[in-house]
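Peer 1: Residues per chain are reported as follows:
6 protein chains.
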Amino acid sequence: MSKDALWLSIRDEVSRTAAEEPMLASFLHMTVLRHKTLDDVVAFHLSSKLASPTMDARVLMELISEALAADPVIMQSIRADIEAVRSRDPACKDFSTPLLFFKGFQALQCYRIGNWLWRQGRHALAMHIQNRISEVFAVEIHPAARIGKGILLDHGTGFVVGETAVIEDDVSILQEVTLGGTGKESGDRHPKIRQGVLIGAGAKILGNIEVGKGAKVGAGSVVLKAVPPHVTVAGVPARVVGVCENDSPAEQMDHRIQEPLA
Amino acid sequence: MSKDALWLSIRDEVSRTAAEEPMLASFLHMTVLRHKTLDDVVAFHLSSKLASPTMDARVLMELISEALAADPVIMQSIRADIEAVRSRDPACKDFSTPLLFFKGFQALQCYRIGNWLWRQGRHALAMHIQNRISEVFAVEIHPAARIGKGILLDHGTGFVVGETAVIEDDVSILQEVTLGGTGKESGDRHPKIRQGVLIGAGAKILGNIEVGKGAKVGAGSVVLKAVPPHVTVAGVPARVVGVCENDSPAEQMDHRIQEPLA
Amino acid sequence: MSKDALWLSIRDEVSRTAAEEPMLASFLHMTVLRHKTLDDVVAFHLSSKLASPTMDARVLMELISEALAADPVIMQSIRADIEAVRSRDPACKDFSTPLLFFKGFQALQCYRIGNWLWRQGRHALAMHIQNRISEVFAVEIHPAARIGKGILLDHGTGFVVGETAVIEDDVSILQEVTLGGTGKESGDRHPKIRQGVLIGAGAKILGNIEVGKGAKVGAGSVVLKAVPPHVTVAGVPARVVGVCENDSPAEQMDHRIQEPLA
Amino acid sequence: MSKDALWLSIRDEVSRTAAEEPMLASFLHMTVLRHKTLDDVVAFHLSSKLASPTMDARVLMELISEALAADPVIMQSIRADIEAVRSRDPACKDFSTPLLFFKGFQALQCYRIGNWLWRQGRHALAMHIQNRISEVFAVEIHPAARIGKGILLDHGTGFVVGETAVIEDDVSILQEVTLGGTGKESGDRHPKIRQGVLIGAGAKILGNIEVGKGAKVGAGSVVLKAVPPHVTVAGVPARVVGVCENDSPAEQMDHRIQEPLA
Amino acid sequence: MSKDALWLSIRDEVSRTAAEEPMLASFLHMTVLRHKTLDDVVAFHLSSKLASPTMDARVLMELISEALAADPVIMQSIRADIEAVRSRDPACKDFSTPLLFFKGFQALQCYRIGNWLWRQGRHALAMHIQNRISEVFAVEIHPAARIGKGILLDHGTGFVVGETAVIEDDVSILQEVTLGGTGKESGDRHPKIRQGVLIGAGAKILGNIEVGKGAKVGAGSVVLKAVPPHVTVAGVPARVVGVCENDSPAEQMDHRIQEPLA
Amino acid sequence: MSKDALWLSIRDEVSRTAAEEPMLASFLHMTVLRHKTLDDVVAFHLSSKLASPTMDARVLMELISEALAADPVIMQSIRADIEAVRSRDPACKDFSTPLLFFKGFQALQCYRIGNWLWRQGRHALAMHIQNRISEVFAVEIHPAARIGKGILLDHGTGFVVGETAVIEDDVSILQEVTLGGTGKESGDRHPKIRQGVLIGAGAKILGNIEVGKGAKVGAGSVVLKAVPPHVTVAGVPARVVGVCENDSPAEQMDHRIQEPLA
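Protein chains in written order, with the UniProt record's numbering: chain A, 1 to 262; chain B, 1 to 262; chain C, 1 to 262; chain D, 1 to 262; chain E, 1 to 262; chain F, 1 to 262.
Bound-form chain A, shown alone (with noise of 0.2 Å):
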């Protein structure tokens, strides 16, 4: 989808809705319409969420601005997943409602606001944005974890992504996942998600291990050794229970596994 035809469908379906709800008119126009570009619609509804008596939301607004326009790719990774979320969320009908109203998503946007502030080494702000994450979204994502895009973090509630932790593109990723280390060394001790992996709700990966790309964690699993490539894995602790049955599972959003070998 084109840069101007995402932001002209948004700026659309925002219109309608504005139109039909008065009470929302204002919040809408103050949030969407009134603006020039998707940019700055993100810059001003993630700074209504991080706001708070610590931080003010007009220097919200003026920092995501400036992260916004000093590193393209997180706009990039915001438009991949506006539109990972419209494409596999059968819930999700339209571009601007996660946008609006989905916190996984808007979870995921802030962390990338302070990832850009952890790389550019104002560690004590980026925690503190972590900090209102944690507790607006209930989302905990170290802001030195990596993340690609095209992602749908799906509700998000109860997400723990650990510092060394490596999630690749067009992943999907349900509610209570953990991607977690295990010792008290530091160093790189946190999973690495390989592109189009999907994770199931409450699934748990620990350590250093590497899901392959285009594996499925089943609901609920364990996850303790690596996942080769296309396969699906699931239980307490998780085993492969089947081969993945198409590339992309992230795309499919298929949540059902096989029965594991008894």
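Rather than coming from a laboratory, the hints here were simulated on the basis of the structure. There may be inaccurate statements among the hints.
For chains that are exact copies, the list does not tell them apart, and a pair is met inside one copy or across any two.
[Unchecked claim] No farther apart than 30 Å at their CA atoms in a straight line, the calculated lysine-lysine pairs in the DSS-like style are these:
id, residue 1, residue 2
1, Lys225, Lys213
2, Lys225, Lys49
3, Lys3, Lys225
4, Lys225, Lys36
5, Lys184, Lys49
6, Lys213, Lys3
7, Lys93, Lys184
8, Lys184, Lys3
9, Lys213, Lys93
10, Lys184, Lys36
Owing to the predicted nature of the structure, the values given are computational and were not obtained by experimental measurement.
Fit chains B, C, D, E and F to the known structure of chain A by using the hints.
Peer 2: Frame of chain A; chains B, C, D, E and F shown alone:
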């Protein structure tokens, strides 16, 4: 319990608390004691929880009052839910505590307002309410889901309920439960939970499957297939591990399960 | 670590941060640098978190100061918890970060205040504090539960602890853990967690059962029976899968477990 | 003007403004357009002004509604005041502007609520309302003072009215006017302003003296003696400087005065 | 009145009000009843008034407590001011009303805190306090001005006091009074108001001139020359119009004046 | 003073204050030090003052920035006003204090934004801004009034300016001044204040009359007839009492006047 008896009990309890704890006296007076009906208390207290810079507490209070007046089933359900918490949660010794302080209860009642809005076709406002529920309570119930009365939603953190899910009357649900979909097709795709079911903490139930009347789903289970009535299922993935010992496990709140067949 | 050494380390760390990050300078000065004791910092910062239209930040600050003065065990526990986070969480490189930014840590300390109120017989105020903890941190610890010192509550999202639960000293608990009851009878009905235990992410421990000293509960486990000291349990339901490799798994934070016996 | 005609005019004006100025659309919808009666608009808007951490906007709104229902003279007075502003203030081109934006008008209507509370014997609440009026509008009208209808309080800044003052119908009062007492004895000690009087900016009228029907008090005058009907007084101290040219100087708003007799 | 007697009277009055008016009960408990000393009440209530997004209420409360402890004259002055209002203002029937609800009184006490900061060399913080006083109370007293005790500042709206002004003990000042400078030279350039003076509403006193002990300045006067002790001045510009009938016009509050000599 | 020199002076002053007063450090950083231009500082600080539940601070900030960019005369006027305060007010020892802390100055600059909105035809928004100015600063300048640059509005409390008033450059105006209309006819009906005029505290100037270049209006005067250039008027009503001693009384700020001719 008669309608009046419940309201009088709540008033009595709150009067005693207001006399004992002056720091909460005005809160209790403002929220409970000055009102003439339980409906007014509900409208006032839920609007306190949902208010935000986007939506004024007074507008929300009037909206909730409008919903309660238009659809009497909402207040019937709220009354039944209060009695369910009081009866089934041994940590709950009175009727006013869930109303005032239990976020699982409050999140469920806020959903009932969002659901009424959804049924009126006010989808954007319903999504806004759901967004607030997700931020304040860490609960995500799609406003189109259908939920009966006499529900105990204990704690509620992480509760996720999909668009086409159904929960019948007299169900008890612990924290971190998912009633999710599977696949990216729209249409009827979420679980149907029949009367009297008990769902343990952390259970994930996925797909358009039925959990039969009086069944029990063990904590941490991942349910991917229909569950017959009056059985206990447990495990990842869940299997039948026994017959359910009583007609309404939701009433008994006995989370013990037999060992799965090895 | 001596009492003074901890306070001096925190001041030093925060002074450096305030100099580097002017956006946080007044927050850090107001919250930490202008105070003479760590007790004052705790009273100030926790009151920032718990404040709401129902309860003014100044009243909460004075209430917390009163609790800290009346029961010295609270500050001893808070100091031990800070050192526990610093020592066991490899993502935590200093002493001030958990104090300022980690919501698991903050939720636990707010519980300590609510627990003191409960012990004074101020149950309604304790429930109000618990309600705020549940909204701000998505943590639900019943104020009557008893929790020792040297606790690492990592992230904490979804943590649920019942009324008669006990957690002894030097325990580490990851996110989404439940220490729950079973059945609808009141009385002693929740788990007893002995010293040095490590509880992995998502574990559910249900009923009046003991998890013995130095035991390890694997991530995602559902524990329905007592766990002997110095063993590892895992699975749904949990079984003994090995002897615990060291005396204090809480210190080691090693979440790897052996395969369960098939 | 009929009761309905005023309300319809206000709605029409506000509808046009909401369409032209999206930044104010939700404010206007929330405050005016969604309501069924002018009474509801008054209760909503005045409660917006008086709300503070001490007194919730919803409680104030219900209190104001209660006052308006109990004493119909209040709304009659408010309607007459709106028409007075519209008719006498050439800068006011419609009916909705004083209601929405003129602080002199709003302060006077808030006084009417405080006065009703005073008459119910709720003196502390009336004093709280007066305290808020003084902070928000810089207006101090003792809640026991008696004020008629058809009053234009233009700007209102610094307006001070004592406990036993009386203002009859159809009076116009500019900013910085004092109707004060003299001496430290209690009892009837403040001015009585008869119908149709015009009081210019900065005038001070002190003591239990009468300003007769249709009189005019020049700007900056200090009035220490009774003023006969239908004369103009001016100066420090004020003297009669002429006959009042028309029956109702309050209607004419002509602040010109003859030279005092030297 | 003894120190204890005043505090006990205030507590008694407030206890009665809290029992009668439940809407204010928690405000009164929080602000007055839970405190052990009048100093604590002052620190709490003034910090409620001065709090803003720039300066947290808790920090202000501690700053005010610090000022009251460091300079006992401040509390002596506040106590004397309460008694002055009670004694001289016939609309004030008790001791708690000025403390809780009179903005002239509150503005004066906030100035005393700003003045203490100024004397400590903390000029920027003193200017911030003055800025808040000007916004909340519409009062502008330069923090370097010197003001004695037993002052009645009635209403206070528009009160302006310059940097080098002095007000001695037992002075009564009505609303809209200016003690201003003249010319653009710095140095001592503002009025000196001696003991027992009464200044009527709207009076402007300009320049480094003395208003002698026991003098009375009529309402609306413009004073440009020194005023001898025990005379009454009035007019624009002010002239001596009589001998002052009693030793302390501030106590008598008699605003009547003789006619100026024509 | 060159544009850059003023901005550099302000930054230097504020940097010193931020180093000395940590309680204000983040406020000063947020409001001044992090910005690149004085325009940004103005947009940020005025939006702090005007923000309310009706209008978000970020929207106001962007609106103010838009106004400053569209009409360069606004910033020229603000710069000239800062220099006027610094030059004419002996209590003002630097350039940053009026900008940060003087409400007369701030109210005037907020009017300039409302005036720009009025000139764009956005009358409702201009009235909303004026309503906020009146509540925050107790100043009421009709947004259609025309005001030049180099204005000292000292304190400003009670300042009232009508719709068709004109204030030319280099005028000084003390508190409680009215530039009002007379009569109820619309059309040009307010005073015209020519260059260099000084208007003393409490003066009321009424009607479409001219106060000539370099004239001085004494404190407390009531001006009902045109004032020739370079004279001093005083009294109620005002008469010519002398020739003005210097070309620009606004610069000299000498409020002394000759005695009126008896």
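Peer 1: First find the shortest C-alpha distance between Lys184 and Lys3 inside one copy, then the shortest across copies, and answer within, between, both or neither for a cut-off of 30 Å.
Peer 2: between (44 Å within a copy, 24 Å between copies)
Peer 1: If the cutoff is 30 Å on CA atoms, where do Lys93 and Lys184 land: within, between, both or neither? Let me know, please.
Peer 2: between (44 Å within a copy, 12 Å between copies)
Peer 1: Reference check for the pair Lys225 and Lys36, CA-CA at most 30 Å: within, between, both, or neither?
Peer 2: Neither: 48 Å inside a chain and 49 Å across chains, both beyond 30 Å.
Peer 1: Checking an output row: Lys184 and Lys49, CA cutoff 30 Å. Within, between, both or neither?
Peer 2: between (33 Å within a copy, 29 Å between copies)
Peer 1: Could you figure out if Lys225 and Lys49 sit no more than 30 Å apart (CA to CA) within one copy, between two copies, both or neither?
Peer 2: neither (37 Å within a copy, 39 Å between copies)
Peer 1: Checking Lys225 and Lys213: alpha-carbon separation at most 30 Å within a copy, between copies, both or neither?
Peer 2: Both, since 15 Å and 27 Å are each at most 30 Å.
Peer 1: Reference check for the pair Lys213 and Lys3, CA-CA at most 30 Å: within, between, both, or neither?
Peer 2: within (28 Å within a copy, 50 Å between copies)
Peer 1: 30 Å Cα cut-off: does Lys3 pair with Lys225 within a copy, between copies, both or neither?
Peer 2: Classified as neither; 40 Å inside a copy, 42 Å across copies.
Peer 1: At most 30 Å between alpha carbons: which applies to Lys184 and Lys36, within, between, both or neither?
Peer 2: Cα proximity of Lys184 and Lys36: none, with 48 Å in one copy and 33 Å across.
Peer 1: Could you place Lys213 and Lys93 in one of the four classes (within, between, both, neither) given a Cα distance threshold of 30 Å?
Peer 2: within (28 Å within a copy, 33 Å between copies)
In the structure shown, a violation is registered for the earlier hints numbered 2, 3, 4, 10, in ascending order.
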